[in-house]
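These protein sequence lines map, in sequence, to chains A and B. Take the first sequence: its position 53, counted from the start at 1, is 53 in our numbering, and no numbers get skipped. Take the second sequence: its position 148, counted from the start at 1, is 148 in our numbering, and no numbers get skipped.
One should not assume that every hint holds.
Stated by the list, open to error - In silico negatives: residues of chain A with every beta carbon more than 10 Å from chain B:
id, residue
1, 61
2, 79
3, 100
4, 137
5, 173
Unchecked claim - Stretches of chain A that chain B covers, calculated by requiring three or more beta carbons in the stretch to come under 8 Å of a beta carbon on chain B:
id, region
6, 4–12
7, 46–60
Just so you know, these hints were derived from the structure itself, not from any lab. All residues carry an ideal CB built from backbone N, CA and C; glycine is no exception.
2 protein chains.
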Amino acid sequence: MLTDLLLKTRSYRRFDASVKIPQEILRDLVEATRYCPSAANKQPLKYRLVFEETETNKVFDCLKFAAYLQDWSGPTEGERPTAYIVVLGDETISKFSEVDAGIAMHTILLRASELGIGGCILASVQREKLREALALDERFHIGYVIALGKPAETCLIEPLGQDGDIKYYRDAEGVHHVPKRSLDNLLV
Amino acid sequence: MLTDLLLKTRSYRRFDASVKIPQEILRDLVEATRYCPSAANKQPLKYRLVFEETETNKVFDCLKFAAYLQDWSGPTEGERPTAYIVVLGDETISKFSEVDAGIAMHTILLRASELGIGGCILASVQREKLREALALDERFHIGYVIALGKPAETCLIEPLGQDGDIKYYRDAEGVHHVPKRSLDNLLV
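The task is simple: from the sequences and hints, build the whole structure.
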């Protein structure tokens with residue numbers, strides 16, 4: 001059932017760095033995006049797969065994780081993602097579509113969950129540094145980076161508190177809590 | 001398996017207008033979005049459910065369907081969607097997030113598929129007319145409209161032709177064909 005898959009698909013930021021993700025799995029994840037809707041069916045998104053250690057290190061250096069966690073500067077070496085999918089827009093096809101990107105990235109994460117992989121969409125990306133590191137052609141708009149790996153943390157959805165604060169937080173045991181608005185709060 | 005659900009989730013534009021969608025089902029669809037990621041977890045999206053005939057008629061008058069089908073001006077009376085979810089951004093929370101909208105709208109459509117419902121994300125919306133028709137507060141950015149109903153057409157994914165044309169088309173039997181790029185074409 002979709003709900004089970006959605007609940008399993010948390011935004012993970014700490015991974016077991018000893019578990020590598022082979023290229024074939026990354027191709028499988030992108031394959032799932034082919035069955036997704038795209039604005040005016042233009043399909044401008046392209047994907048750069050990153051799975052070799054020399055490259056994953058370079059990508060890691062262009063990222064910032066979890067802005068709300070003030071006491072945490074990002075995954076330690078043993079907790080790093082072991083693969084990335086860089087989501088690009090081919091501007092010779094059309095302007096980058098943020099809606100397409102949302103659809104495709106979530107689909108990638110849902111498919112990853114089904115395969116026991118977790119990840120996180122990252123928008124805090126040093127884009128020009130990344131362009132250079134991966135030699136990405138100028139015709140590609142650099143949209144987002146999806147970090148992937150075998151999750152090594154517990155992430156839980158919580159009801160929003162009385163104060164309405166939506167900031168996620170990590171408790172003393174290292175469990176990551178994510179406050180989500182109630183259904184009635186979402187309906188107009 | 002997710003792939004089966006993705007394949008089933010086509011963009012439908014013709015429906016069986018005799019099959020109504022109750023409010024409870026629309027609430028269930030929005031519930032699924034609560035388990036989705038949101039940029040900085042802000043969750044600015046809100047949803048207006050439309051299911052009563054007086055209102056569905058008003059919403060229909062604000063929409064344009066299928067720009068590529070020159071010979072078709074939209075669903076006939078017996079083919080119209082029977083419900084809509086209007087996707088709004090509460091600008092008192094944050095600027096409308098197109099990525100959030102993509103994630104949430106596709107999740108709604110996947111959940112709908114699971115319940116035997118089909119739909120289509122519509123961006124061609126007369127937004128100020130819709131705001132008036134549904135008395136939507138000025139604090140809401142009107143993002144998109146998801147049309148929903150019991151599908152009454154067949155939609156098929158096709159490989160892209162030699163000419164690279166991505167325009168969908170309807171054949172003599174009324175089957176809707178949607179050319180999709182190959183996996184290798186999506187990888188950089």
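In ascending order, which of the hints set out earlier in this document are inconsistent with the structure? Failing hints, ascending: 3, 4.
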